[in-house]
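**Q** These protein sequences, in sequence, are chains Y and B. Per our numbering, residue 2 is the first one in the first sequence, and the count goes up by one each step. Per our numbering, residue -18 is the first one in the second sequence, and the count goes up by one each step.
Since the hints were made in silico from the structure, they are not lab data. No residue lacks a Cβ here, since even glycine has one placed at the ideal position from N, Cα and C. Incorrect hints may appear among the rest.
What the hints assert, rightly or not - Which chain Y residues face chain B? A few, computed with CB under 8 Å, are given here:
| hint | residue |
| --- | --- |
| 1 | A5 |
| 2 | V7 |
| 3 | P10 |
| 4 | V19 |
| 5 | I29 |
| 6 | L31 |
| 7 | A33 |
| 8 | P34 |
| 9 | L70 |
| 10 | G71 |
| 11 | L96 |
| 12 | L162 |
| 13 | M227 |
To be verified - Far from chain B, some chain Y residues (derived; all Cβ distances over 12 Å):
| hint | residue |
| --- | --- |
| 14 | V25 |
| 15 | P44 |
| 16 | G57 |
| 17 | A99 |
| 18 | A101 |
| 19 | G146 |
| 20 | L147 |
| 21 | G159 |
| 22 | H167 |
| 23 | A226 |
| 24 | E234 |
Said to hold, decoys possible - A few chain B positions that, by computed beta-carbon distances, are all more than 10 Å from chain Y:
| hint | residue |
| --- | --- |
| 25 | D36 |
| 26 | T54 |
| 27 | P86 |
| 28 | V103 |
| 29 | T146 |
| 30 | A160 |
| 31 | T187 |
| 32 | D191 |
| 33 | A234 |
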Amino acid sequence: MRRAAVLLPPWLWLLFLVAAPVAVLVAIALAAPGDGVPPISSPIGWENGRPVWQGGEAWTVLAEEGWHLGAFGRSFRTASLSALLCLLLAYPMALGVARARPERRTGLLLLVMLPFWTGFLPRVGAWIGLLRDGGWVNGVLAGLGLVEAPLPLLYTEGALLLGMVHAYLPFAVLPLVAALVRMDPGLEEAAADLGASPFTAFRTVVLPLSLPGAAAGFLLVFIPAMGEVVIPELLGPPEARLVGRVLWDEFFRNRDWPLAAALAVLLLLVLIPPIRLFQRLEAR
Amino acid sequence: MRRRFSAGRWGLALGLGFLWAPILLLAAYAFSADRIPFQWGGFSLRWFEALAANDRMLEAAWLSLRVAAGAATLAVLLGGMAGWALARFGPFRGRALFGALAGAPLVLPEVVTGLSLLLLFVAGQAALEAGLGWRVERGAVTVLLAHATLGLAYAAVLVQARLATLDRSLEEAAADLGAGPFTVFRTVTLPLIAPALAAGWLLAFTLSLDDVVLASFVSGPAGTTLPMLVFSALRVGVTPEVNALGVAFLALAGLAALLGWWALRRAALLTGEGRVEAPGRGD
């Protein structure tokens, strides 16, 4: 009976606030748009006393107007590129943490994680101030006599990637540190005893063994980056219509709820394989 | 030990430099008198004063703090139960679904969670009005429910992981010495998982305080949280006030990190893992 008392509250919460919302989302993705509040109408209409299917219009729109699907392509590219850049930067960082003395590791990890806790929006705001035409970076470049006119840095693809990497880098470091710390140091020593140079030992022993950690780090950046809204909105070029932004605009500007819901369902479906892969890597 | 490939030290310095440079610049220029952010105009606290006099900002901050505290508390209670069930109850009925639902908010993109929760709340509002004649507005409460759901997922993972590494012989010893199940829980288990609960609370609290996407979806006219306000300010352009706010966040995060570090250290000491080593050993 005590078990039921522990299980019941989280069960109810999860059913009401995780399972039910997804069910409603799928239902609305199939509904027809409407003029009322909320702006939807039933997918089943009545004509001459007979039910007629009039829903699913959003999916036709998605299939016919290619630019929504184009947003998925752009998001995929931006998310993979961000995750790859994070990984390139995170790997040496994780190596540095894993090879530090054990009593220093916690402090170093804290230094990696703390920026994540300093407020996401102020950090993105800092990039705006740094990259603006009259901003800090252009000021420094002009002061050094490197540029005549300010470089257009903000609202570019580069600023978007910079913001993404800065925001998500800590996520890529953590699983790599975990993988590297778990590794038996005897393996690398054995390679060295057998005559491998430090770099060869790293390349042939440490790197392959850390690949699952690297994959987890990649996915931990890629998955949230696919639906990211705020960074593209604040740092990216106006034409960078990524999925998150398209969904946001369809919902808030165009008030097309079925289309926004259909985009969310599609995003969910697209993300199921990477999510499953991540969970399998974590369960190892 | 032989020499090992150690590009890591430089890589770590580079990466930390990249992570911290904009934050440190922001912190430094928050004390500049200049109206233009990131321009040095002499030392001044005027932007902190402006922030302290900004009623809309303060009101939103107060709302955000209350929502975050409520959401974190609910998240730890429910997440603690969920983590407990996953770690201790073995293969109960529906365990796979339970685990998947508890983990879903961790991996779902914010826009998906936000939109689906909003659609549920709209359906709920309609049902309440039709069924009971109640008109309920969306606002702080719906934001709290959304944030508690997100925090629950994190708290459940932390508690489950903590319980999995726990030495059960401690609880068995207490039971052998005649303690009832509740006494064992209160005097042995609870102190041992307390660091995970504290970490879960802090994580849920900061996630709530930092979230703009979920809040933008599920909130109503009366529920403008601090991040929502900052987001709309940043859309127009960065102001020195936002930098001052960033410094306030930084101070808060630093304090929370110190608390969290202390909790982890205490936990390590309690369970005897990772004993404190004398400085200068190792290497």
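**Q** What hint numbers does the structure not satisfy?
**A** Hints 1, 6, 7, 8, 9, 10, 12, 14, 17, 18, 22, 23, 24, 27, 28, 31, 32, 33 contradicted; others consistent.
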